[in-house]
Every structure is written in C-alpha cells, then in structure tokens.
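Enquirer: Knowing the structure of chain A, use the given hints to seat chain B on it.
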Amino acid sequence: MQTKSNLKQDLKERAEKALDKKASYGQDFDLSEYEIAPSESEQVETLTEWDEKTQKQLLNTGVVPSGEGRSGSLVVLNNAVSYSSTKSENVELIPTKQAREKYDWLDDYAWNLVPVDADKYTAATYLQQPNGYFIRAHAGKKETLPVQTCLLLGNKEVSQTVHNIIIVEENAELEIITGCTTKEEVMSGLHLGISEMYVKKGGKLTFTMVHNWAEDIGVRPRTKVKVEEGGTFINNYIALKPVKSIQSYPTAFLDGKGAVARFNTIAVGHPGSELDLGSKAVFNAPETKAELISRTITTGGNVVARGEMEGNADDAKGHLECRGLVLSDDGSQRAIPILEANLQNVELTHEAAVGKIARDQVEYLMSRGLSEDEAVGMIVRGFLDVGIKGLPDELENDINETIDKIGEHAM
Amino acid sequence: MSMLEIENLSVEPADGGQRILNNVNLTVDFGYTNVLFGPNGSGKSALLRAIMGFGDYKVVEGRILFNGEDITNLSVDERAEKGLGIMLQRPPNMTGVKLSSLIKAISKENMDIDKVAEELDMKRFMDREINVGFSGGEIKRSELLQLIAQNPCMYLIDEPESGVDLVSINKVGTKIQEMLNANLECIGERSVKGKSALIITHTGQILDYLEADRAYIMCSGKIMCSGNPRKLLDEIKSQGYEECIRCKLNQI
Numbered sequence: 000m001q002t003k004s005n006l007k008q009d010l011k012e013r014a015e016k017a018l019d020k021k022a023s024y025g026q027d028f029d030l031s032e033y034e035i036a037p038s039e040s041e042q043v044e045t046l047t048e049w050d051e052k053t054q055k056q057l058l059n060t061g062v063v064p065s066g067e068g069r070s071g072s073l074v075v076l077n078n079a080v081s082y083s084s085t086k087s088e089n090v091e092l093i094p095t096k097q098a099r100e101k102y103d104w105l106d107d108y109a110w111n112l113v114p115v116d117a118d119k120y121t122a123a124t125y126l127q128q129p130n131g132y133f134i135r136a137h138a139g140k141k142e143t144l145p146v147q148t149c150l151l152l153g154n155k156e157v158s159q160t161v162h163n164i165i166i167v168e169e170n171a172e173l174e175i176i177t178g179c180t181t182k183e184e185v186m187s188g189l190h191l192g193i194s195e196m197y198v199k200k201g202g203k204l205t206f207t208m209v210h211n212w213a214e215d216i217g218v219r220p221r222t223k224v225k226v227e228e229g230g231t232f233i234n235n236y237i238a239l240k241p242v243k244s245i246q247s248y249p250t251a252f253l254d255g256k257g258a259v260a261r262f263n264t265i266a267v268g269h270p271g272s273e274l275d276l277g278s279k280a281v282f283n284a285p286e287t288k289a290e291l292i293s294r295t296i297t298t299g300g301n302v303v304a305r306g307e308m309e310g311n312a313d314d315a316k317g318h319l320e321c322r323g324l325v326l327s328d329d330g331s332q333r334a335i336p337i338l339e340a341n342l343q344n345v346e347l348t349h350e351a352a353v354g355k356i357a358r359d360q361v362e363y364l365m366s367r368g369l370s371e372d373e374a375v376g377m378i379v380r381g382f383l384d385v386g387i388k389g390l391p392d393e394l395e396n397d398i399n400e401t402i403d404k405i406g407e408h409a410m
Numbered sequence: 000m001s002m003l004e005i006e007n008l009s010v011e012p013a014d015g016g017q018r019i020l021n022n023v024n025l026t027v028d029f030g031y032t033n034v035l036f037g038p039n040g041s042g043k044s045a046l047l048r049a050i051m052g053f054g055d056y057k058v059v060e061g062r063i064l065f066n067g068e069d070i071t072n073l074s075v076d077e078r079a080e081k082g083l084g085i086m087l088q089r090p091p092n093m094t095g096v097k098l099s100s101l102i103k104a105i106s107k108e109n110m111d112i113d114k115v116a117e118e119l120d121m122k123r124f125m126d127r128e129i130n131v132g133f134s135g136g137e138i139k140r141s142e143l144l145q146l147i148a149q150n151p152c153m154y155l156i157d158e159p160e161s162g163v164d165l166v167s168i169n170k171v172g173t174k175i176q177e178m179l180n181a182n183l184e185c186i187g188e189r190s191v192k193g194k195s196a197l198i199i200t201h202t203g204q205i206l207d208y209l210e211a212d213r214a215y216i217m218c219s220g221k222i223m224c225s226g227n228p229r230k231l232l233d234e235i236k237s238q239g240y241e242e243c244i245r246c247k248l249n250q251i
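Protein chains in written order, with numbering that gives the first Met the number 0: chain A, 0 to 410; chain B, 0 to 251.
Pulled out of the complex, with its shape left as it was, chain A reads as follows (with noise of 0.2 Å):
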C-alpha cells in the first residue's frame, strides 16, 4: 500500500510532468509571463474597511461586505485569505490550508476529483499548494442563508491560484455564492481556480458564481462535483462584463441512485473576449437526472457553448439547451452539444440554437409603445432569465443595466 508521503510525491511527479500540457479548448497562456500573485494580503477586520470602489466590485459580484443576509464570508486577496467570518453554527468556512493542517482525512478530497495533471494549469496550481476556501456544511442542517466567498485579483499582471473544497454531508443543505473579480485598477491577470464540491447522500448545493472580470484577465477555473444517492447540485454561472478570455468545464458526477444536477449559465463575450464556456453531467447512477441550460449573447467577442451528458446507468435522463444570441456581425457564437448513452435505458435530449433577435419579435414590443432599444433590452432579459434566484439587489442592478447598454448597441 502507497503511503501518504508516497502519494505526494506521485502527484507532485504527474503535476511537475504536466506543466506544459495545454488545456484542450481556448486560447493557451504562457504562465511564465506572470508573476505569481502575493502570498501574504493585509488582514482586515471587516470587510465595509476597504475603500469604497472595491466595496462596489464586491456588491457587483453579489458578495455583500457588511455580511448582511450571509452565514459566512471569506476573502481571497491574490494568493491570500484577507478575511473570513462564520455566523452559523450549521457551516463551517475556513481557509484551505487551515483546513487541510486540521482535517487529515481531507487528503481524501483534496485533487481527488480534479486530476492534478488535467493540463498545465491544474498542474502549476497543485505545484504551489494554494490557499483558497474550505466549505462544509454538516449533516443534517440546512442553513437558510448562503455563505458568500470572493476571490479578488489585487495586483496587476498576476497570477492568482485558489483551491476551494466543499463538502456538504448527508441531508445538509447549502447555498454558496461566489464573487470573481479585480480591484477597480487590475486590468489584466490571470486567475485559476480548482474548485472540489462533494454533495453527500441527500444533500443540497446551490453554488452561484458570478464572473464580472475585467478586459485583459484570463481566466481558468477546473471545478469537478460529486453527488451521491439522492443529492441535488443545482450550478449558476453569470458572466456578462468584458474579460480577454475564459476557459472552463464543470462536470458533475451523478454517482448515487437519484442524483439530480443542473447547470444554468449565462454569458455574454463582448468585443475582445473569448468564452469558451461548457458543462457535462455523468450518469453513473440509476435514475440520475441533470438539466444544461445555456444561453449567451455576443455583442462582438467569440463564444462556445459546450454541453456534455454522458449515460452510463439505467433509467438515466437529462436535457441540455445551448440557446445563443448573436448581435453583432463581429462577433460568433459555436454550441457544441455532446450526448452519449452507453446503455439502452438512457433518455438525454438536447436542443440548441443560435441567431438574432427576431425583427418581428422586436416590432411586436414596439408596436405597444416601446422604443427599439427597449424592446431588445426586454428581450434579452427574457433571454438571460433562468430563474436564478436569491441574488443581491445591487447585482440585479447590475445585470439590468448590462443588459440596457446591450439593447442600445444591438440593432
């Protein structure tokens, strides 16, 4: 039998092997033309401390710095955890290596599901043992109000690399909400993010991200999810500001009987931007369930809707959706829908299509009275409407008026 210090020493030989192994989509970053971003950030005691721009990056990404409504908050600041706050007695939030000093059996989870070879960002993130969020939510409690979390690029031309784990146990519920975003003056960067979430049997996980970037970040998130018997994983993915390029591909394992899935994205590349955005769900279970439901715009930047279900047990069922909306003659948008049923007992369905907006659509709005602009602008909020539910007022606010200056700039 391998030995822990044996196992670390493997992946450690398989990660430093991968550090030129390009990621299979997007566009690929040279990780030596950043610096890595600081390992120590000031501390601070609560988050209403920082200036009030960053307070409004924070609001912009539906993390609230008072705390308000919050059972939790942690901070990242660059490669550091700057603040962290628990007010329920039902989670705990604690930063990753905190966690994994205190927790040994947490070398269970840890790269467990993201192989730290996957390509050569997986590899340069587990090479440098980052710090990042630990989630837990015990068993048996459902807390009502979600633990927010923020990862903040602070320096310019950086690199930051986090590590996030969350287990939520038997019949424990959980909502998370995270925030990815710079302060107001970092323009360009590059963020990767291994994120762990394990939804244990009759489990509940509804994890929000929300990406508002800025023009010349990239960005490569690699999040895997395991969901046992019963457990429900419910992924909400909104990214409507310019950013150079983002590049990721969540896949939830349905390994337990009646494990239920669903990822909901919404995106839109503005000039400049490459998104190449996906999800896949694997049925490895009897009677698991999953729903993809993806819609994006271009208004001038290059956009890939993936979406994957895999069929590999009985009675399995999912439906994906990649609708994309195509408001610039600059601009594309590809959906690449992928179903595979390794099984006979398998029901996966897909629709997906892309074009513009339907002039009589717009004409039917305008002829009870709204302008042009409003008439697209209504259609597009129509568009982006998957029913995400619970964010903040000041993020709904946001996305309203992303969404108007789209309208004005679409026909």
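Mixed in with the good hints, there may be bad ones.
Said to hold, decoys possible - Taking lysine-lysine and the BS3-like style, the derived pairs with C-alpha atoms no more than 27 Å apart in a straight line are: (1) K107/B / K404/A; (2) K355/A / K97/B; (3) K388/A / K57/B; (4) K355/A / K203/A; (5) K404/A / K103/B; (6) K55/A / K404/A; (7) K355/A / K103/B; (8) K3/A / K141/A; (9) K107/B / K240/A; (10) K107/B / K122/B; (11) K288/A / K203/A; (12) K404/A / K57/B; (13) K221/B / K388/A; (14) K52/A / K240/A; (15) K141/A / K155/A; (16) K200/A / K141/A; (17) K57/B / K355/A; (18) K236/B / K388/A; (19) K221/B / K236/B.
In short, the hints are calculated from the structure, not lab data. Please read these numbers as outputs of a predicted model, since none were measured by experiment.
Expert: Only chain B this time, still in chain A's reference frame:
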C-alpha cells in the same frame, strides 16, 4: 378630417414579390368602428400591418394619415406613441418575455389592470411567456389585455374571432365592445370622446357583439365596395365574394 385616412395605398412584401395592396382608399372617422370583410388572402392583414408599420410590408405608393398627420414613414413605436394599437391574429412567440413584464412596461397609471386581467381570465398567465403555448382564445385575451393596458386612440383588430371557442368569443367580443365605448355617457359623444377601430372579420361573427358603422370589402388587394355592415354581410353570406368581384368588374 378623419381619424384614419388611407389614400391610394399600394403595398409590397418587403422581401420582394407581387403587390399585395393596390390603390386602397379607406377612412375611419373619429369614434367610428369600421369593419373590413374579405376572403382569405385578400390582403386584409397586410393592410393592418402596413398601417401599424411592420417591416414585413413596404408602402410603394400612397400614404397613411392618422389624425391628419402623414405617418407613412414613421417607425412602429412612433405610430404607437401617436395612438395606434393593434391586435394581431398570429402574434410571435415571445420566448422569455413574461406577460407581466410587458404589461408593467406599457400600463398607463390609474388603470386597474389586475381587474381587467381577472375579467379576461388572464391572471394565471401573467408569469407565462407571451403567446408561448397559448391556445387561440388565450392569445386573443392576452392581446386584448395588452391593448387595454396600452390604451390607444385607435384599434386595429385582426380577426378577433378566429381560432376561438364560443366562450372566448363571448368574452373577447364583449370586452372589445366595452373598450370601444369606454367613457361614453351617450352615443352622441362618440365622435368626440369615442375610440376608433378598424376590425377585420372573415365571418362577421364579431358583429353580434358590437355596432359597426361602415364596412369595406376587400378582394385581391383592392377595395370592392363599402356600405352598411349588416347589409354587406348579408349579401356576402347569400352570394359569396365572387359576386363582389363580378359587381366591381361591371362597374368598370
């Protein structure tokens, strides 16, 4: 001056093809309800869509005057702003757009739109996407609710009775009649305070619910004749539209 004057209007499909309307002349006076009869494919809907300014048709000749003003080249929303409202026969599926969002955006203040929604049995549709999966009757009631919220001076109504069951016809017919006569204390006030309407009816069924003042008959993109709505309807019922064409030919 009339509320609506169509002068020598000729219309073609925007994407090319044969002329659909040929030198159409038609007027609707203030407070009047006029109806437009005609067989399928005669150009009735094209006329209404051209009056509203929808982009699928282009005016190649003639003009449209609304309230004395030439609106031939105005955009759809500008026409709506001036007081035109339309009830479409086949409105588009508005995927993602909830009926409540649109109603909220267009409702005039001081209007109890909840009550109207209740009367039209549309309350349970407020959170639905407009027209998506609606039945024929539901589409009409939704259109009516939107029109009432919009509160225009003139209604363009395309086949209110098509694809609708009897119960819905009753609701729709009664509501249109109410809508046209809103705020009127006596019939004499109609030309001052009343709303105008141009209603397309293929079967004439809607005349069971409202009083129309004048009727036009359209065949092959041309107005064949005009006159008393009931008399014309009786004639169409007994002799069919072929007689209108024959009659028109005899006039030449």
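Enquirer: Next, verify each hint and record whether it holds.
Expert: Okay, the hints, checked on the actual structure:
no.	hint	in the structure
1	K107/B / K404/A	25 Å, holds
2	K355/A / K97/B	20 Å, holds
3	K388/A / K57/B	44 Å, violated
4	K355/A / K203/A	37 Å, violated
5	K404/A / K103/B	21 Å, holds
6	K55/A / K404/A	19 Å, holds
7	K355/A / K103/B	26 Å, holds
8	K3/A / K141/A	34 Å, violated
9	K107/B / K240/A	34 Å, violated
10	K107/B / K122/B	18 Å, holds
11	K288/A / K203/A	14 Å, holds
12	K404/A / K57/B	30 Å, violated
13	K221/B / K388/A	54 Å, violated
14	K52/A / K240/A	17 Å, holds
15	K141/A / K155/A	40 Å, violated
16	K200/A / K141/A	14 Å, holds
17	K57/B / K355/A	22 Å, holds
18	K236/B / K388/A	57 Å, violated
19	K221/B / K236/B	20 Å, holds
Hint compliance for this structure: hints 3, 4, 8, 9, 12, 13, 15, 18 are broken, all remaining hints hold.
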